[in-house]
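Student: Next come the chains, spelled out residue by residue.
2 protein chains.
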Amino acid sequence: MRFRPLAGLTPVASSPTTAGGPDVTSFTLDNGLVVVVIPDRRVPVVTHMVWYRNGSADDPPLKSGIAHFLEHLMFKGTDKHPAGEFSQVVASLGGQENAFTSYDYTAYFQRVAKEHLGTMMEFEADRMSGLSFDEAVVGPERDVVLEERRMRVETDPGAQLSEALSAALYVHHPYGTPIIGWMHEIEGLTRDDALAYYRRFYTPENAILVVAGDIGADEVRALAEETYGRIAARGERPERRRPREPVLNASRRVTVADEKVEQPYLQQAFLVPSSRTQEGSESYALELLGEVLGGGQTSVLYRTLVLEKEVAVSAGAYYYGTMLDAAHFGIHAAPRPGVTLEALEAAIGEAVAQFLARGVTTEELERAKTRFVAEMVYAQDSQAHLARLYGSSLAIGESVEDVVLWPQRIEAVTADEIRAVGERYLLKGRPVSGYLEPHRA
Amino acid sequence: MRFRPLAGLTPVASSPTTAGGPDVTSFTLDNGLVVVVIPDRRVPVVTHMVWYRNGSADDPPLKSGIAHFLEHLMFKGTDKHPAGEFSQVVASLGGQENAFTSYDYTAYFQRVAKEHLGTMMEFEADRMSGLSFDEAVVGPERDVVLEERRMRVETDPGAQLSEALSAALYVHHPYGTPIIGWMHEIEGLTRDDALAYYRRFYTPENAILVVAGDIGADEVRALAEETYGRIAARGERPERRRPREPVLNASRRVTVADEKVEQPYLQQAFLVPSSRTQEGSESYALELLGEVLGGGQTSVLYRTLVLEKEVAVSAGAYYYGTMLDAAHFGIHAAPRPGVTLEALEAAIGEAVAQFLARGVTTEELERAKTRFVAEMVYAQDSQAHLARLYGSSLAIGESVEDVVLWPQRIEAVTADEIRAVGERYLLKGRPVSGYLEPHRA
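Just so you know, the protein sequences line up as chains A and B, in that order.
Mapping to this note's numbering: the first sequence position 343 is 343, numbers consecutive.
Mapping to this note's numbering: the second sequence position 433 is 433, numbers consecutive.
Honestly, the hints are just simulated from the structure, not real lab data.
This list has only true hints and no planted wrong ones.
Pairs involving identical chains hold if they fit within one copy or between any two copies, as the list cannot separate such chains.
No more than 30 Å apart at the CA atoms, straight line, and that leaves these computed lysine-lysine pairs for DSSO-like: (1) K260 with K428; (2) K428 with K63; (3) K260 with K309; (4) K114 with K80.
Please work from the sequences and hints to get the whole structure.
Tutor: Shown next as C-alpha cells:
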C-alpha cells in the first residue's frame, strides 16, 4: 500500500444524490494563492492546511529527497520566529499539527479551536516566505532523515520490496524514486539545495490554502488577506517538468528474500491512467474495478483465492487515481503455508482472467458503488479527510467541481467500462510483481 | 551484448612486456582541446577521430535521445558548408566516415589517405563550432531516428528485452535509458533543444582529437592549431552531472514473451564497478573473471552448461569496464530445447557458485591473460581499434598512461582477486535477469 500517499482515504466528496455536496467556496487572492473553504459547523474547531504543488516527483536531478527534507526544515525557524516556536504555540493552544510529503505535493496542517485560525495563518504565512535556518541545524536534521530512512527502509524487507517495485514499475518517471530519497543523495543535500528549492516552490502562486471548520468564507478571506495576502506574488507558478513513463513490452518481477521475513507476500502493479491522465472515464472505472476485484472480503480475489481455492490467507486490490501522472493498479496476496508465490501469482492471473471473461454482475457493481457512497459519508464526517480530499485534488490540478462531481462520475460507470479497463490494463498490460520471501531462494 | 558500446573491442593497449607500447604522444591546444597521436607507419593512411565527453547519459531530463539526435544533425551543414558536403568530400577522396553515440561519449571519425588529414580537420573543426541547420531538416531527420528506433527496437523482442533489462538494472542512473532515447521523448526533440545541447557540449575543452596513422606529432600539432586551434575556448569544460545508482536489496527478472522469438535466451546482469569507480584493482579482476567464466568455448560456463550438463546451446560472460559510472557484469545463455529458462538460470547459479568455491586454477588464469595479450596484439594491428581505445578511455577521464599500463595491471591480477570480485558481486550481489521467450507464459 506504499503507493497510496493518503492510506485508506478514497478520494470522495459529497453524496451522489446531492451533487452540490458541502457548500464549498473557492477564491484566489491577488498574489495567486488559491483558497478553499469547507464549512463544518458541528464543532468549534478548524482544520488549516497549506498544500504546495510540489512533491518528491519534482525533486531536481541528483537531489532526491529534497522535498521531504525541506518539509523537515520548515520547522526550523524564520526571520521572525525561532525554530520550534510555531509547534510550541500549536501545542499550547491545545492543537495538533502535522506535515507530509507525497509524490505530487507537500502539505502542512494544524487543527485548532476556531478562534486561533488567524494565529495559524500568521505563522504559516510567515514560513511561506520567511524561512531562515542556520547551517548548524542542517546537518543534524539531515541525520534525522537518514535515521528515518534507515529505520523505515534499510532494516525493513517489505519497504525494500516496495522501493524496488516502484523502481521497476516506473523506470523513467520519478514516481520510481522513493519520496524520502535515495540514501546517498540525502547524504549530499545542503542548506543551499534546500533554500534554492524553497525559493523555487514555496510561493503563493504554488500554494493552496484549505480551511475546513466552523467558519465562513468571508471570515477566512479576511484573515487570509491579512496574512498570506501580504506575501508578494512571484509572477508565475513554478514549472513542473515531469517525464512520461514509457510502456515497456516486458513483465517484471522483483524479489526481496530476507531472513527477517516471516510471512511471504506478493504484490502486483500495473501501469494505468490516473484521474489526470485518463482518456474518457477510465480512472472512475479503475476505481470500481479495484473495489469489485479486491475491496474487502466480498471481492472476487478474496472469494476466489482465500475462500474457494484456499491458496491465500489474504488478497486484495486497490487503485489510487489522484495522481498528476500515470498511476498504478495494485493487487496483493499472502500465500497459505506450502503455496509458492509463483503458484499464487498464477492463481491470481487465472482469477482475474476468469472474472474479466464473465464480466461484472449487477450485484457486484451496485455493491461497489454502495461501498463508495459509504466511504463518502465517512469522509464527510471527518473535517481533516475533507480538507485532505480537496487539497490533494486541487494540488494535482483538479477543480472543486471535479471533486464535487466525482461521485456522479463514479455512479455513471457501467459494468462494460469496468471490464474494458480490466482487459486493457490487467490482461493486456505487463505486470510488475514483487515477491517478499523469508530467505534467498 | 547491447551494453558494450564498442562491440567486440576489449580495451587493450600495448603488449604487457613493452609497457611503453606504441609511441603515443598527447598534448593540449591553448583552447583546451586534447590531442592524441598514435603513430602507425605501415600504410599511408590516417584515422581521424573527434570524441566529445558527452553521451546519452548526459541527456538533460525529458530530452532522452538528444545526444544521438545531435549526432545525426552534425551532418546537416554549417555556416560554411551545406548539408552533406563533408560526407561527399570524404567519399570523393576515397575515404570512410562514421559517427556513433554511446552512454559516455559521442565520436566522429574519418579514415583517409594521409595527405587529406588537413581537409578532414578543417571540416571537423568547422562543425565543432559552426553547426547551422534549417528548421526544415529537423523534422525529417527526427523521423529518420524514430524509424531507426522502430526498426531496431519496437519490432525486435531481443532489443526490447535489452532496454527493459537496462532499465531494471539501472533504476536511477541514466544508463537505464536507451541511447537512442524513449520514443515519446524523441518525438518532442526540437531544433532549439539540439542547438542548446550543441552549444553546451560541443566545445574544444570537451573534445579529444585522436589521430592514428602515418604521421608525426609535430605535423598533427601544426594542422590542429591551424584548424581546431582557431576555435575560441569557452573557459571551462561543461559539467557532467550523473546520479549514482543505489544498491537495491532486490533481485529482478524481466521477461519479454513474443511470438517473434524463436530461440529462448537468458541474460543476467550484475552491478559492478567500472575502471573509473573501482576500489583497488577490481575492474581488472572483473575483466579476467569475465574471460575465465565466460570467454569462449574453454570457459567455465561453456564447459559446464553446454558440454557437461547439456542444458544450454551457448553460454558466456562478459565485462566492459570502460564506463564513467557503475558498469555491469553480464552472463548469457541459450537453453537446449526442453530446458526452461528457470532451470537454466538455476544451473548458471550453481556453476558460478561451484566455480567460486573451487577458485581459479593457474591454468585458467594464464589462459585468460594470454587471450588478453592476443587481443591486444590484434587491437594494435588495427589503426581504428587503437584510436577507439585511446578515445574511449580518455573520454571517460582515463589518461594515456592508464591505457598504456592497462596490460600490466591485468597481468598483476591474482587468482584470489578474481575469486574475491566474483564472491562480492556475483554471489552476494543481486542478479537482474532477462528472459526472452517465444510466447507469453
